[in-house]
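> Note that the protein sequences, when read in sequence, are chains A and B.
Residue numbers are given in our numbering: position 151 of the first sequence equals residue 151, and the series is strictly consecutive.
Residue numbers are given in our numbering: position 263 of the second sequence equals residue 263, and the series is strictly consecutive.
Since the hints were made in silico from the structure, they are not lab data.
Keep in mind that a hint or two might mislead.
As the list makes no split between identical chains, a pair holds if one copy fits it or if it spans any two.
Each computed DSBU-like pair below joins lysine-lysine, with the alpha-carbon atoms no more than 35 Å apart [unchecked claim]:
(1) Lys115 to Lys314
(2) Lys209 to Lys314
(3) Lys314 to Lys31
(4) Lys313 to Lys207
(5) Lys207 to Lys31
(6) Lys115 to Lys31
(7) Lys231 to Lys31
(8) Lys209 to Lys174
(9) Lys115 to Lys231
(10) Lys231 to Lys209
Protein chains: 2
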Amino acid sequence: MNPFRVLVLIVVFPLAAAAGPLPSWNDGHAKSEIITFVSNVTNPDSPGFVPAAERIATFDNDGALWSEQPLYFQLIYVVDRVRALAPQHPEWESQEPFASVLDGDMASVAASGEKGLAQLMGATHAGMTLEEFTASVNEWLETARHPTTGMRYTEMVYQPMLELLDYLRANGFKTFIVSGGGIEFMRPWTERVYGIPPEQVVGSSLKLKYEVRDGRPVLVKIAEIDLIDDKEGKPVGIQQHIGRRPIFASGNSDGDFQMLEWTTSGDGSRFGLIIHHTDEEREWAYDRASHIGRLNRGLDEASDRGWIVVDMKKDWAAIYPER
Amino acid sequence: MNPFRVLVLIVVFPLAAAAGPLPSWNDGHAKSEIITFVSNVTNPDSPGFVPAAERIATFDNDGALWSEQPLYFQLIYVVDRVRALAPQHPEWESQEPFASVLDGDMASVAASGEKGLAQLMGATHAGMTLEEFTASVNEWLETARHPTTGMRYTEMVYQPMLELLDYLRANGFKTFIVSGGGIEFMRPWTERVYGIPPEQVVGSSLKLKYEVRDGRPVLVKIAEIDLIDDKEGKPVGIQQHIGRRPIFASGNSDGDFQMLEWTTSGDGSRFGLIIHHTDEEREWAYDRASHIGRLNRGLDEASDRGWIVVDMKKDWAAIYPER
Numbered sequence: 001m002n003p004f005r006v007l008v009l010i011v012v013f014p015l016a017a018a019a020g021p022l023p024s025w026n027d028g029h030a031k032s033e034i035i036t037f038v039s040n041v042t043n044p045d046s047p048g049f050v051p052a053a054e055r056i057a058t059f060d061n062d063g064a065l066w067s068e069q070p071l072y073f074q075l076i077y078v079v080d081r082v083r084a085l086a087p088q089h090p091e092w093e094s095q096e097p098f099a100s101v102l103d104g105d106m107a108s109v110a111a112s113g114e115k116g117l118a119q120l121m122g123a124t125h126a127g128m129t130l131e132e133f134t135a136s137v138n139e140w141l142e143t144a145r146h147p148t149t150g151m152r153y154t155e156m157v158y159q160p161m162l163e164l165l166d167y168l169r170a171n172g173f174k175t176f177i178v179s180g181g182g183i184e185f186m187r188p189w190t191e192r193v194y195g196i197p198p199e200q201v202v203g204s205s206l207k208l209k210y211e212v213r214d215g216r217p218v219l220v221k222i223a224e225i226d227l228i229d230d231k232e233g234k235p236v237g238i239q240q241h242i243g244r245r246p247i248f249a250s251g252n253s254d255g256d257f258q259m260l261e262w263t264t265s266g267d268g269s270r271f272g273l274i275i276h277h278t279d280e281e282r283e284w285a286y287d288r289a290s291h292i293g294r295l296n297r298g299l300d301e302a303s304d305r306g307w308i309v310v311d312m313k314k315d316w317a318a319i320y321p322e323r
Numbered sequence: 001m002n003p004f005r006v007l008v009l010i011v012v013f014p015l016a017a018a019a020g021p022l023p024s025w026n027d028g029h030a031k032s033e034i035i036t037f038v039s040n041v042t043n044p045d046s047p048g049f050v051p052a053a054e055r056i057a058t059f060d061n062d063g064a065l066w067s068e069q070p071l072y073f074q075l076i077y078v079v080d081r082v083r084a085l086a087p088q089h090p091e092w093e094s095q096e097p098f099a100s101v102l103d104g105d106m107a108s109v110a111a112s113g114e115k116g117l118a119q120l121m122g123a124t125h126a127g128m129t130l131e132e133f134t135a136s137v138n139e140w141l142e143t144a145r146h147p148t149t150g151m152r153y154t155e156m157v158y159q160p161m162l163e164l165l166d167y168l169r170a171n172g173f174k175t176f177i178v179s180g181g182g183i184e185f186m187r188p189w190t191e192r193v194y195g196i197p198p199e200q201v202v203g204s205s206l207k208l209k210y211e212v213r214d215g216r217p218v219l220v221k222i223a224e225i226d227l228i229d230d231k232e233g234k235p236v237g238i239q240q241h242i243g244r245r246p247i248f249a250s251g252n253s254d255g256d257f258q259m260l261e262w263t264t265s266g267d268g269s270r271f272g273l274i275i276h277h278t279d280e281e282r283e284w285a286y287d288r289a290s291h292i293g294r295l296n297r298g299l300d301e302a303s304d305r306g307w308i309v310v311d312m313k314k315d316w317a318a319i320y321p322e323r
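Take these sequences, add in the hints, and give me the full structure.
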């Protein structure tokens, strides 16, 4: 062998290995299980082979593709919108839950419960055209910064999950978001940030109304819930939008339990992944007792159900993409 | 030039021309407009260029991809199901609209109106798991034959439209069905027949409920309407499922008017196609006065709106695929 080829073997091979799939995943059980699963479903000679058309993978968003603390980012948008709209609504100064939002008293906002949340959503997500709502989301994403990290919200996405999305797609999977978050809140940016186009986003939604205004057709968001895409609503949203059962599902909270249950109880190769937030230094640490992203039943039953639990602190070499 | 090459030029070139796009479309305005549109949107140097991700094409189904006479095929399924289920429902013999269905008195069934239809849909489309419904549709498609042609229903699809679907997909389009018909009635066979996977089917739908029965999760169809994907419902269904405005839409009745309006009122290259049923010999001839697939406003406004009207008799060299 000539010296040049020896050099290539020494220098290039280790580099090639480092550039293998999932580089931000530390070697361990989670990473090796993912790679084994993908090898099986893509190998026509494996009993676990799955035709490409059926390689459907569904991903929760909040706490599973991007962070969700100290509040779901969409709720931070709601708070910012209420503040921006307040000058046009002087009555909000004495009307709950708006008054508490304007005072920054989030404990009282939380105490207003589902009814309060519905009022806030109605005021900030309905009664406008889809075009107007999308423009407002885009403008917010441009200007808003996270209260503790100072980062843009779309920068607080998990690098290991971006790699997992790419890895699955490179192996013939079709990747979908299935989130309790608002479908139209996500669609403006999921293609750019995750490589997931609008038609592969499933989420909670308000009803829409088609109208022709001065000869120009518009879709108007109305203050009536169409789907709450959480818990039992996730398999429903999956069927409505995708029409077949995923073979891979990933989430982080008990809101994802039924999606993982539905996904992994089908025949053939199946994969359930739970992201466990264990990293209080690089991200946040929370599970059974958290008011956001509560993970309790999932932790109890993951092992019996064969779901893989990612220990964020141990399994992930990086959290957010390098800037 | 050697004689062999001359032979190739004489024999092969005409064959190659005949095997161009849309072979079952006769040369004429409709065919040339389609080809011009596709050339423009795929040509990066054209002012009408559209990036591949935005090349969304939506197709109505009944009367636009397959026939719809003498009754929407899904209604024939309903009639057949009522007959099949009748032994378990002795009360139907004296209960409308079931009694009229069992008597074959379709005029009385029609007279029972929306309420009657809702009862029939409830009895044949709800209260079962999705798996059971899909199995029933598949079994029906295997055994049922059209009352006048004697053909399988899935053979009564339009050959020129199959070619159009292929042609658009070969040019980077993503093709969707957007039909007033039932979403779960179509999904079992659209991939096989049209090359359109379940996740690209939009239709009318009942609500679904997720349940765990004896440890096994199921989705149950319940007798509550989720979406009527017709008229103003079509742009709504498009937004819910696809999340962006199509650049190409095709239909055949006034139920498709708003879909075409929504599609063609966007910026840039747009295409609206109406299939006009003019062929009483090879298919059916009907429009303004038909109780099924009524086309009135569409015919009046197509020209002003720049929509192309296909004259089935004149523009299509074949109707159904050769068997």
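> Regarding Lys231 and Lys209, is the shortest C-alpha distance of 35 Å or less found within a copy, between copies, in both, or in neither?
both (27 Å within a copy, 12 Å between copies)
> Can you give me the call for Lys209 and Lys314, within, between, both or neither, at a CA distance of at most 35 Å?
Answer is neither: 48 Å inside a copy and 38 Å across each miss the 35 Å cutoff.
> Is it within, between, both or neither when you check Lys207 against Lys31 at 35 Å Cα-Cα?
Neither: 40 Å inside a copy, 38 Å across copies.
> State whether the alpha carbon distance between Lys115 and Lys314 is at most 35 Å within one copy, between copies, both, or neither.
neither (40 Å within a copy, 60 Å between copies)
> When Cα atoms must be at most 35 Å apart, do Lys314 and Lys31 count as within-copy, between-copy, both, or neither?
within (11 Å within a copy, 60 Å between copies)
> If the cut is 35 Å between Cα atoms, do Lys115 and Lys31 qualify within a copy, between copies, both or neither?
Close neither inside one copy (42 Å) nor across copies (55 Å); limit 35 Å.
> My question is about Lys313 and Lys207: at a cut-off of 35 Å on alpha-carbon distance, are they close within one copy, between copies, both, or neither?
This pair counts as neither: shortest intra-copy Cα distance 40 Å, inter-copy 41 Å.
> Could you place Lys231 and Lys31 in one of the four classes (within, between, both, neither) given a Cα distance threshold of 35 Å?
For Lys231 and Lys31, only the intra-copy Cα distance (26 Å) is at most 35 Å; the inter-copy one is 49 Å.
> My question is about Lys115 and Lys231: at a cut-off of 35 Å on alpha-carbon distance, are they close within one copy, between copies, both, or neither?
This pair counts as both: shortest intra-copy Cα distance 19 Å, inter-copy 33 Å.
> How would you label the pair Lys209, Lys174 (within, between, both, or neither) given a Cα cut-off of 35 Å?
This pair counts as both: shortest intra-copy Cα distance 30 Å, inter-copy 25 Å.
In this structure, the hints that do not hold are numbers 1, 2, 4, 5 and 6, in rising order.
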